[in-house]
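Visitor: Each chain is listed here by its residues.
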Amino acid sequence: MKKKFWCFVLACMLLIGTLSGCSQSSDNSSSPDSSVQQQAEESKAEESSKADSEEEVSTTAPVQDELVTLTVMKEENASQVIKTDSVKLQYLEELLNIHIDMQAVPAASYEDKKKVLISTDQMPDIMKISPTDLRSYARQDMFVNLTEHKDMLGDFWPIYEGVESMAASYEIDGNLYGFPILSKWTERGGQLPVIRTDLLEAYDLEVPTSFAELKDVLAVFKEKNPDLVPITNRKGGSTTSTQKVLDCMAYPLGSGSGMYYDEDIDGGRWVYGPADEHFLYVLSYLNELYEAGLMDPDYATMTVDQWKEKMSSGQALMYFDNAGFASDFNVALETIDPSYHLEAIPTLTNELGQTRNRYYDQHNGSLYVIATSSSNQTPALQLMNWAYSEEGSDVFAYGKPGETFDYVDGEPVIHEDLLVKFNAPEYNSPYYEIQSYLGVGLLDFTPYVDDHPGVQCRNYALSDEERAEKEAGDEMIATDPGMREPVYEPSLSEEDTERYNELKSTVENIVSQEWDKYIMGLEPIENYREVIDRARAAGAEEMEEIYNTAYNAAQ
Amino acid sequence: MSNSKGSTWQAFRKAFARDKYLYLMFLLPFLFYLIFHYMPMYGITLAFKDYSIKQGIWGSDWVGLKYIEKFIGDPYFWQVFKNTIVLNVYNLLWSFPVPIILALMLNEVTHTKFKKMVQTISYLPHFLSVVVVVGMLNTFLSSNGVINEFLGVFGLGPYRFLAEPKYFRTVYIASGIWQSAGWGSIIYLSALSAVEQELYEAAQIDGANRWQQMLHVTLPGIAPTITIMFILETGNIMNVSFQKILLLMTSSNQVISDVISTYVYRIGIQDANFSYATGIGLFQSIVALIFVTTANFISRRVGETSLW
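Note that the protein sequences, when read in sequence, are chains H and D.
Numbering-wise (the working numbering), the first sequence opens with residue 85 and increments by one.
Numbering-wise (the working numbering), the second sequence opens with residue 7 and increments by one.
The shape of chain D in the complex, shown without the other chains:
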């Protein structure tokens, strides 16, 4: 037993000595997750306590599942739950394929300068803050904004893009695609560069045209990356862009735009009901965990790629 322990320790020391620089670089993300993600988990206990300011988190009384039950029984529960799921499923359906398509298209471009220009332009919106993006949306989509002015040329509109609930999801998802498609395509471009050139040559000998090469060589080549990214995206299905929704939300589109995270903000920060807000947040995390586990399970069963 002690021999086995000794050999494990020796193996670890050997591995550490070999990859010490990698471990050193790993230290920062490790500390980041420890400090900003694991340590705050202590606060989750608030979901099971009746928080009192003076008594603090630990000193407050335990109330069991009171706040989780309260949320499920909340008349507002189904509305925010449905809004969260629908917005994310739509987001996944529309936003997920775009970076893949963009990467495939860029992969086919042979003119290097043009390719670099398209990449630069498509990456740029990623670096804009959400506040700036929403400010731009407010300006462009107002009744006398550039979009309505343009549509007016064809006798259309004006449309109340930001005020009417029916446009909210379109505005949210379309602006999200514009902002993230370029950046999101990087990982697929990287996967594409790893596809063996010999496979293309073999396909060409077999008489495959560019389209057929893409279908039968390129796509299968990046399929594992697509699967992993899809599972990760599924894990985020409950985590909508809280900031952006909050900035875009008005009383007129609240019926569609109000999601669990904005509800948590209202209950927790605005109404200062921290225990209830933590309970709702915990519920959201549990649902997200179920989603990602299920997606991983299905992926492992159907294909051969999975996160774990």
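Extracted from the complex, chain H is given alone in its bound form:
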């Protein structure tokens, strides 16, 4: 009897324990509500202080009568942590009575999570998406149609209309469904060759001006440093390492890594790079680097962390990617040897005699959309519109006026104590650390981007000589004649979007698994012509036709 009793007790405990685990999770799921309630109570308590701040707020600021919580989802870049209690978010709540519930998703899984949430109609109130998502889902009534609310968007709309050819790319059947991330002021940047210039000097080498010269330079690097990697690379957010190498290098080498606009073919047209003959030049060059031992032997499996480790420790001597990372790597390299120095160099001439590369889109190329399922559409529209206003964009870029920045001669300037704080040795990257603290910059929730705080912070600790050198480098990138502006993809009809996506899926499966064979020399380059033929027959040609027809019609 006693045994049975204990059996019963144990079985019940097992059941209750597990069920309580389930109920625990449901408690957690309800926590946002309780936090909202708590915040509502707090906001009441702060009513008097808010009344004071409201006096300072301009009439355009969308102050809400009651606390509104908006959920915002975006990807989190490894370089800049998205804080849920950043200065900006706290100030928005204090100023507008809008609590932003930031949902930062690691960049590697953002694509998946975003698509699942859209496809299951469980979107947050505001979400960052790509133009491709916009074209795929806008017609399914997933995003609020901004054109229908144009009268509410007086700050945003004139800025949007001022950007040339954006409407032709982003508007779906004449309607805009998302707020494009626009630039108020950003540094010009791109995926450039960044090389250890101290080694060029040490080995008495000229700065290479062509890819052929670059190969010779890397060969000397290898000869002098047999244990080091002459050129390395990283994995993209949700793309493979090989895809990332091609994204950075294919266009400068004379082709493209996907569908791209080529000004040098037939006077300019859209081309699916991996299914075009010019792609052979890309594979051929990478193969030469690989076989000569100049390319990272682990290039196909590199992660972001491995890349950073190699560049920061001096194990790798060059990368071809976002030039902006060089300053952070230099901070780490200088601790090893003050002479170590990475620097971007001008665009290289390829085998076809072209000197070409692309700037990053100054306007980022992504959008924030408001879900049609959101119960807070009006506050969301008001907040997004305000983010493009003079006052709102300063808050979104600099944080809280009087506390983190002040206006000097009418221009916002970050407080010096913050510049001192984030230039302390414990902070690895003044540029990203201050932006993370403030909750600003392109890598945080900022629809109208102003890079000044990060740049002010990064340049603060530089000596006059270093600052002059930095400015010269920026000037070199900004005035490099080889750098071209990005071309916006055309807006496709519903039928064309569906057809294009279907073909893209098939064609990508054919080409993407072939590249490494040719880069590693497992197949002779000439055999890639057969892959091109297969890809074109499977739909690459039709994909180009769809893009060119839509693009030409929009012109």
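A couple of the hints might just be wrong.
[Claimed, not checked] Chain H residues, not near chain D, derived (Cβ > 10 Å throughout):
hint : residue
1    : K199
2    : Q224
3    : D348
4    : N406
5    : S450
6    : Y544
7    : E578
8    : Q597
9    : A622
[As the list claims (entries may be wrong)] Subject to a maximum C-alpha distance of 30 Å in a straight line, what follows is the list of computed DSBU-like cross-link-like pairs (lysine-lysine):
hint : chain 1 : residue 1 : chain 2 : residue 2
10   : H       : K588      : D       : K72
11   : H       : K199      : D       : K250
12   : H       : K588      : H       : K197
13   : H       : K306      : D       : K172
14   : H       : K392      : H       : K306
15   : D       : K88       : H       : K199
None of these hints come from the bench; they were simulated from the model.
Every residue gets a Cβ at the ideal spot worked out from N, C-alpha and C, and that includes glycine.
We have chain H; now place chain D onto it with these hints.
Guide: The following block gives chain D in isolation, referenced to the frame of chain H:
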């Protein structure tokens, strides 16, 4: 008739009263399967519908076998189908015997402390997450990793274990054996403990040495367990470790590593084509069902053990 019904109900009540604690404990796995395996089966209807987000699963239009046919006609079909089968058959051939051999070897060890130490060490990898295991593989197998450094001492390599397609299956299966052999041996150790001691004594009287005892007593003693485990493994032949493959997959080894489940992930999650992905998943489940039924049938005919 009603009498028979009454007696059945009475028998059930009696059985329930006798084993009520067992039924209570059974409730949890029952709920688990109901909630996580049976209820989601509703989603299989997606395979026969043209899924529209706003209309939902039930409201979307029926399209019959469109997506199953599309998969079979997909130019990529044979590649992922072949990769799935080959990887699993290799996995079955290499991975299945190892826990049995390990269990037999452990059974022969008489030094208790040493036996326990080997068991603990061999069980430990089972508790590592796949992400950690793949992270370790990335570090150990890179061109300047410990494996290549070691091989370099003998003038071998460096080998591009993670980049070249020809090494993928070896890396996948070998790491799988390392992770699961110890844990998998538990069930065989349990079966071994059930073999009658009298049989060993009889064999010893007949002059059988340790090897002969293992061949003629131990192995036949655990044969039913081996058969059941083999049938279950055959049922899993289409279910490769999706997570591990996805983490190990690069564009360079995709030609070998891309299997049906990773293709479903790409089509369903990355391309957001849920109907097509469900169609492919359903096709995979049907093939798996055919495999397990066939294995069970053969086992019943050849031996005397089967699942049903």
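Visitor: Now look at each hint and say whether the structure bears it out.
Guide: Quick rundown of the hints versus the structure:
A beta-carbon of chain D comes within 10 Å of the beta-carbon of K199/H; the shortest separation is about 5 Å. With a least CB separation of 5 Å from chain D, Q224/H falls inside the 10 Å interface cut-off, contrary to its annotation. Consistency note on D348/H: stated as away from chain D, and its beta-carbon is indeed over 10 Å from all of that chain's, at 27 Å minimum. The beta carbon of N406/H sits about 21 Å from the closest Cβ of chain D, which is more than 10 Å, so the claim that it is off the interface holds.
Against chain D, the non-interface label of S450/H holds: every CB pair exceeds 10 Å, the least being about 17 Å. The claim that Y544/H lies off the interface holds: its Cβ sits roughly 37 Å from the closest Cβ of chain D, which is beyond the 10 Å cut-off. With 10 Å as the threshold on Cβ separation, the claim that E578/H sits away from chain D holds: the shortest Cβ distance comes to roughly 13 Å. Consistency note on Q597/H: stated as away from chain D, yet its beta-carbon is not over 10 Å from all of that chain's, at 4 Å minimum.
A622/H, annotated as away from the interface, has a beta carbon of chain D within 10 Å; the closest lies near 7 Å. Of the pairs offered as hints, the one joining K588/H and K72/D holds, with about 20 Å between alpha carbons and a cut-off of 30 Å not exceeded. The suggested pairing of K199/H with K250/D holds, with an alpha-carbon distance near 22 Å, which does not exceed 30 Å. At most 30 Å may separate the alpha-carbon atoms for a hinted pair to count; K588/H and K197/H meet this at roughly 21 Å.
With a C-alpha separation of about 28 Å, the suggested pairing of K306/H with K172/D holds against the 30 Å cut-off. With a CA separation close to 20 Å, the supplied pair K392/H and K306/H stays within the 30 Å bound. With a C-alpha separation of about 29 Å, the suggested pair K88/D and K199/H falls inside the 30 Å cut-off, and the hint holds.
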